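Please take these sequences and the hints and turn them into a complete structure.
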Amino acid sequence: MEPVDLARWQFAITTVYHFLFVPVTIGLSFVVAVTHVAWVRTRKEEWLRLTKFLGKLFTINFALGLVTGIVQEFQFGMNWSDYSRFVGDVFGAPLALEALLAFFVESTFLGLWIFGWGRIPEKLHAATMWVVHVGTLLSAYFILAANSFMQNPVGFRYDPENGRAEMTDFVAILTNKVQLVAFPHVITSAYMVGGATVMGVGIWLWRRAAAPRAADAADVPMYRRATRLGAVMTLVASLGVVVSGDVQGKIMTEVQPMKMAAAEALYETEAGAGFSILTIGSLDGTEEHLAIKVPKVLAFMATGNPNGTVEGINEIKARNAELVASIERTYGPDVAAITTDADYTPNVPLAYWTFRLMMGLGFASMALSAFLLWVTRGTRRPPVSRWWVWAGVAAPLLPIFGNSFGWIFTETGRQPWLVNGLMTTSFGVSPSVSATEIWISMSVYTLLYAVLAVVEVRLFLRYVAHGAEPFHEPEQVREADAPLQFSY
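Numbering (UniProt numbering), first residue to last: 1 to 488.
Calculated directly from the structure, the hints in this document are not laboratory data.
Just so you know, not all the hints are guaranteed correct.
Said to hold, decoys possible - Using 30 Å as the maximum straight-line C-alpha spacing, the simulated DSS-like pairs for lysine-lysine come out as follows:
id : residue 1 : residue 2
1  : Lys296    : Lys317
2  : Lys250    : Lys296
3  : Lys317    : Lys293
4  : Lys177    : Lys56
To be verified - Have a look at the derived ranges for each label pair, beta carbon to beta carbon:
id : residue 1 : residue 2 : range
5  : Lys123    : Pro221    : 48 to 56 Å
6  : Asn320    : Arg377    : 53 to 61 Å
7  : Arg386    : Val171    : 52 to 60 Å
8  : Glu315    : Asn162    : 34 to 42 Å
9  : Trp387    : Pro431    : 49 to 57 Å
10 : Leu180    : Pro295    : 43 to 51 Å
11 : Lys44     : Ala453    : 33 to 41 Å
12 : Leu100    : Ile13     : 26 to 34 Å
13 : Val40     : Ala218    : 44 to 52 Å
Please read all numbers here as calculations on a predicted model, not as lab measurements.
Positions of the beta carbon are idealized from the N, C-alpha and C atoms, including for glycine.
Written as structure tokens, this is what we have:
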């Protein structure tokens, strides 16, 4: 394999692995903040117990997300130095703000929350978790701003003397039209994951507590409340995902028409295009043999008009030479040289199926949360059966994998562009890094991540199985020199 292919594989492995933790962190920080405020306002024991219990799960996930995120950014200098040199002045600014502002806010106030029990006034202590949550939102915003530049480059000029893209308008980068639709879509999907995680844990513990002669039978109402809270959050967030995704699809069609065409395996331009339920194409993904479609749905998704026209892959490909000529007129021959590629079409089968897996898993999660709320309405309890064990396992996994497939589609659907319309992926890889060196680093990181995955899952399941701790009224520590202790 060529260095560029190995570098892509390594970045894909680290990115997908890292993003397994990101939505859980954002979603759980919100849930813990809500339950902590509920405890301060109501003084009900169950809210304090849930706060500390879910706080453990959040802290475990936060730690693993931190480690994997650092490795991900390290690759920009290791495997993608030409990319970093070309757009580093633009791309580095939002990433620097994410590290210097958002990350330090998260870490500092998480420390205050962990060690602040009995040492900080209750209302101020509850507010620290809200600051942590705001920090996760800021972190997501700055990272998405950097990614949105790759999808739709704005706020820059090309300096032919240095051969670099230079930032001219930071506000334009932060308010990129792709960014403004991607951020609510990512955040609502993270809330969906957080709610589904609480829902899944709640189902499992509720079923266990409801079993005959269960030692924690008195905790049934608490776990029932947690389950329904998670289900409500999942369902409401899923509606936000649908709305924001619809808007995002229209912006994607505007700035990346090839990505939308690949997502639907639409080869020929069509007015009133239908949404593909199943498309069978050639093995190389270059032509369609059979398609089952719902009329006009794709046209509405892409343009907002059921009779709108959606460009097909073949017509967009025919404009390749025109695109390169336009880039040369705007930025000069140096930039045109790094955009030269035989074919600007992404892997169509990959884009097609990841797009459907993203949507399908999302709708399945929405249906599960709605069904759970229906069967537990009033004082009803779910049946004590093995099906509910599997429902508890599936609840968090559905939206987590849906998020992952969404990001795979977002990044692979942009290919072969590294920066859309400016730099193809083959020109961004580090010229001095050999395939052997990438193989070694990729193997080391993959093995390390496998070990971390085992640690994460075992810790998570261990604390889930333990359940919420018995209630203890928080005591105010008055001694100025009292030693710090972990909150659990």
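Results of checking the hints against the structure:
1. Lys296 with Lys317: Distance of about 23 Å is within 30 Å: holds.
2. Lys250 with Lys296: holds, 14 Å
3. Lys317 with Lys293: OK: lysine 317 and lysine 293 at ~23 Å, within 30 Å.
4. Lys177 with Lys56: violated, 37 Å
5. Lys123 with Pro221: 48 to 56 Å: violated, 26 Å
6. Asn320 with Arg377: 53 to 61 Å: holds, 57 Å
7. Arg386 with Val171: 52 to 60 Å: Since the Cβ atoms of arginine 386 and valine 171 sit about 55 Å apart, the hinted range of 52 to 60 Å holds.
8. Glu315 with Asn162: 34 to 42 Å: holds, 36 Å
9. Trp387 with Pro431: 49 to 57 Å: The hinted range 49 to 57 Å holds for tryptophan 387 and proline 431, with Cβ atoms some 55 Å apart.
10. Leu180 with Pro295: 43 to 51 Å: violated, 31 Å
11. Lys44 with Ala453: 33 to 41 Å: The hinted range 33 to 41 Å holds for lysine 44 and alanine 453, with Cβ atoms some 36 Å apart.
12. Leu100 with Ile13: 26 to 34 Å: holds, 27 Å
13. Val40 with Ala218: 44 to 52 Å: violated, 23 Å
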